[in-house]
Amino acid sequence: MTAHLQFDFVVDKENNTMTVKREFDAQRQLVWDCHTKRELLDQWFAPKPLTTKTKSMDFQNGGHWLYAMIEPAGPEYWGRMDYETIRPIDNYTAFDGFCDATGALNPDLPRAKWDVTFTEQGPRTLVHTVVAYQSAEALQQVIDMGMKDGMTSTMERLDELLVSLSKR
Amino acid sequence: MDNYQASLDSIFHALADPTRRAVIQRLGQGEASVSDLAMRFDMALPSFMKHIGVLEVAGLIGSKKVGRVRTCKLEPTKLAVVEKWYDDQRAIWDARYKNLDNLLNNLKGK
Numbered sequence: 007m008t009a010h011l012q013f014d015f016v017v018d019k020e021n022n023t024m025t026v027k028r029e030f031d032a033q034r035q036l037v038w039d040c041h042t043k044r045e046l047l048d049q050w051f052a053p054k055p056l057t058t059k060t061k062s063m064d065f066q067n068g069g070h071w072l073y074a075m076i077e078p079a080g081p082e083y084w085g086r087m088d089y090e091t092i093r094p095i096d097n098y099t100a101f102d103g104f105c106d107a108t109g110a111l112n113p114d115l116p117r118a119k120w121d122v123t124f125t126e127q128g129p130r131t132l133v134h135t136v137v138a139y140q141s142a143e144a145l146q147q148v149i150d151m152g153m154k155d156g157m158t159s160t161m162e163r164l165d166e167l168l169v170s171l172s173k174r
Numbered sequence: 008m009d010n011y012q013a014s015l016d017s018i019f020h021a022l023a024d025p026t027r028r029a030v031i032q033r034l035g036q037g038e039a040s041v042s043d044l045a046m047r048f049d050m051a052l053p054s055f056m057k058h059i060g061v062l063e064v065a066g067l068i069g070s071k072k073v074g075r076v077r078t079c080k081l082e083p084t085k086l087a088v089v090e091k092w093y094d095d096q097r098a099i100w101d102a103r104y105k106n107l108d109n110l111l112n113n114l115k116g117k
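In order, the protein sequence lines correspond to chains A and B.
Quick note: the first sequence uses the numbering used here, first residue 7, plus one each step.
Quick note: the second sequence uses the numbering used here, first residue 8, plus one each step.
Keep in mind that the hints were calculated from the coordinates and are not lab data.
Just so you know, these numbers come straight off a predicted model, no measurement behind them.
Some hints could be false.
[Stated by the list, open to error] So the derived list for chain A, only partly shown, Cβ under 8 Å to chain B, looks like this:
#, residue
1, 20
2, 36
3, 40
4, 52
5, 149
Using N, Cα and C, we set each Cβ at its ideal position, and we do this for glycine too.
The whole structure should be built from the sequences, with the hints applied where relevant.
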């Protein structure tokens with residue numbers, strides 16, 4: 007397998023921001039493609055045991071990606087990512103959002119802004135993602151929603167899975 | 008769920024204020040008396056007591072009075088709600104990126 011890959015996850019609670027930095031053992035073009043092409047996104051975006059299903063993808067300024075994360079038992083969680091700016095293969099910015107299967111956004115839920123930057127590091131690629139909520143209240147709504155729709159219990163099972171995997 | 012909702016509301020209200028966040032941060036280093044805290048934040052005792060009250064109602068801090076000195080300390084359990092959410096997010100990113108490692112390895116092999 008590959009050598010150690012950098013993974014930093016930093017939370018800024020005052021600014022309601024998460025910063026994720028992760029190295030990948032692949033060329034930048036390939037890593038960019040995996041973030042921007044539907045058939046590739048479908049193969050990694052949802053954490054196991056969930057899977058990803060793209061309904062539509064329009065990767066351009068003002069376009070959006072409509073997708074679902076699906077539990078093995080059936081429940082689906084629909085989301086859409088609205089692309090604001092795209093600079094291949096350096097950076098894109100987007101707004102995430104909760105929606106239904108038709109892509110109609112839930113107007114009651116806030117959206118976080120994603121700023122994703124791709125940098126070459128020799129043969130590797132660093133992906134630097136900043137996810138920012140507008141306020142503590144906005145973040146709270148998202149947390150509440152997660153508890154209501156059962157996503158949280160899924161994540162708790164995921165936690166257990168990760169613990170059991172890391173013990174192997 | 009309703010209790011949980013109410014407790015989240017009070018936590019986020021409490022954390023929305025910079026002085027109260029600073030008090031939390033200070034108490035993270037150890038307990039402190041109310042008068043020391045008020046002096047540190049350069050605030051009159053009555054208005055500072057209001058902040059302490061909000062933090063106590065949210066369950067973020069606890070206080071006890073010994074003689075004439077009221078001492079505050081962090082109550083870590085309530086903070087854990089937000090903490091837990093961020094932990095979950097970290098787990099999600101870690102898991103999805105492991106998927107991506109596998110995908111990239113497959114794609115490179117082609």
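| message | Check the structure against each numbered hint from earlier and tell me which ones fail, lowest number first. | response | Of the numbered hints, all hold.
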